[in-house]
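Enquirer: Given the coordinates of chain G, assemble chain V onto it according to the supplied hints.
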Amino acid sequence: MAASDPTFQARLDGLVGAPVGGGGPSVGPDPVNQPMIRHWAAAFDDANPVYTDPSVATTSRFGAIVAPPLMLQTWTMPTPVLAGIAERGGSPVPAAEGLGPLAVLDEAGFTATLATGSEFEFLRYLRLGDEVSAETVIEAISEEKSTRMGTGHFVTWVTTYRDGTGQVVGRQRFRILKFRPAP
Amino acid sequence: MTAWDEVHVGDELPALSIDVTATVIVAGAIASRDFMPVHHDRDYANAQGAPDIFMNILSTTGHCSRFLTDWAGPEAMVTRLAIRLGVPTFPGTTLTITGRVVDMQRQGDEGLVDVELRAANDLGDHVTGTATLSLPT
Chain G
1 MAASDPTFQA RLDGLVGAPV GGGGPSVGPD PVNQPMIRHW AAAFDDANPV
51 YTDPSVATTS RFGAIVAPPL MLQTWTMPTP VLAGIAERGG SPVPAAEGLG
101 PLAVLDEAGF TATLATGSEF EFLRYLRLGD EVSAETVIEA ISEEKSTRMG
151 TGHFVTWVTT YRDGTGQVVG RQRFRILKFR PAP
Chain V
1 MTAWDEVHVG DELPALSIDV TATVIVAGAI ASRDFMPVHH DRDYANAQGA
51 PDIFMNILST TGHCSRFLTD WAGPEAMVTR LAIRLGVPTF PGTTLTITGR
101 VVDMQRQGDE GLVDVELRAA NDLGDHVTGT ATLSLPT
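Here the protein sequences come in this chain order: G and V.
If you read the first sequence in this note's numbering, its first letter stands for residue 1, the second for the next number, and so on.
If you read the second sequence in this note's numbering, its first letter stands for residue 1, the second for the next number, and so on.
Excised from the complex, chain G in its bound form (with noise of 0.2 Å):
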């Protein structure tokens, strides 16, 4: 069982850092903008008026239009390939050369996954206009444990959001298990 040998958790330890999605961060295809605020808006039936009313936003703490903070994930994820994106499993474009880090584990038979939980932390809410770039490392890989659905490994990564300047305007955790499928 590569599993429980220890070369093997080696091998995920010597993982953490790596760079999850390509090299280098991903740069929004848009600015943030008032469309797809107001379309956002809109899904969630969210009234709040520093979103899309400039007379309450621009005397507000934020002094101008804001991008609800939820959205920071939205404004770098890539504009869709529509054509095969379900013969990808949802991927929205194709996968860039090579298998990302995660491979390691799936060759290993903990081919399922499963998010268990986000964590979000805003340094500062979105201007409209900000360009918005976001770089994911992996920051941590637990030893196999036995759970629910089967036996697997948590796996935890980072993403850092940054404006145009560099700045960091938040941060984004995100945890999932990979296990083995129940035969």
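In case anyone wonders, no lab produced these hints; they're calculated from the structure.
Predicted, not measured: the structure shown is a model, and the values here were computed from it.
You may find that some hints are simply not true.
[Claimed, not checked] Restraint-style ranges between C-beta atoms, simulated for each label pair:
no., chain 1, residue 1, chain 2, residue 2, range
1, G, Leu123, V, Gly124, 30 to 38 Å
2, G, Pro6, V, Pro14, 29 to 37 Å
3, V, Pro51, G, Gln167, 42 to 50 Å
4, V, Thr137, G, Asp53, 19 to 27 Å
5, G, Gln34, V, Arg100, 41 to 49 Å
6, V, Ala3, G, Gly109, 50 to 58 Å
7, G, Glu87, V, Met104, 44 to 52 Å
8, V, Ser17, G, Arg61, 23 to 31 Å
9, G, Arg148, V, Thr137, 40 to 48 Å
10, G, Gly24, V, Ala3, 19 to 27 Å
11, G, Gly109, V, Asp43, 28 to 36 Å
12, G, Arg173, V, Asp52, 24 to 32 Å
Even for Gly, the Cβ is constructed at its ideal location relative to N, Cα and C.
Expert: Same frame as chain G, now just chain V:
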């Protein structure tokens, strides 16, 4: 709007109930730019073993953020939102978000309010989590 002076540890936030339809799920997925077919294509979701399309995580956090600022008002800033994921949310259910103030502290001229929150549907807890809001003092 909720003023810092009026908030107390133990306060319950007004519950938010969302009648979850396929439209609510699809609108949230596309507004958050998540085009995974499990969030808009029932045939695809069925082939993946799910009984229907289900809400994407960014939508869940989007609804939670609305729940927080519906209570705290436009002067509030969400500085943190951490959730643990539970059961999925399918069309035809009601998602009810509830929360309670669990801690408060002043930091300079802002006040930080920690909220424990829970979003539940007919299957159980969809998410549980904690959030921090900054309010002017």
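Enquirer: Evaluate each hint against the coordinates.
Expert: Verification of the supplied hints:
{"no.": "1", "hint": "Leu123(G) / Gly124(V): 30 to 38 Å", "result": "holds (34 Å)"}
{"no.": "2", "hint": "Pro6(G) / Pro14(V): 29 to 37 Å", "result": "violated (53 Å)"}
{"no.": "3", "hint": "Pro51(V) / Gln167(G): 42 to 50 Å", "result": "holds (44 Å)"}
{"no.": "4", "hint": "Thr137(V) / Asp53(G): 19 to 27 Å", "result": "holds (24 Å)"}
{"no.": "5", "hint": "Gln34(G) / Arg100(V): 41 to 49 Å", "result": "violated (34 Å)"}
{"no.": "6", "hint": "Ala3(V) / Gly109(G): 50 to 58 Å", "result": "holds (55 Å)"}
{"no.": "7", "hint": "Glu87(G) / Met104(V): 44 to 52 Å", "result": "holds (51 Å)"}
{"no.": "8", "hint": "Ser17(V) / Arg61(G): 23 to 31 Å", "result": "holds (29 Å)"}
{"no.": "9", "hint": "Arg148(G) / Thr137(V): 40 to 48 Å", "result": "holds (44 Å)"}
{"no.": "10", "hint": "Gly24(G) / Ala3(V): 19 to 27 Å", "result": "violated (45 Å)"}
{"no.": "11", "hint": "Gly109(G) / Asp43(V): 28 to 36 Å", "result": "holds (29 Å)"}
{"no.": "12", "hint": "Arg173(G) / Asp52(V): 24 to 32 Å", "result": "holds (29 Å)"}
Violated hints for the displayed structure, listed by number in ascending order: 2, 5 and 10.
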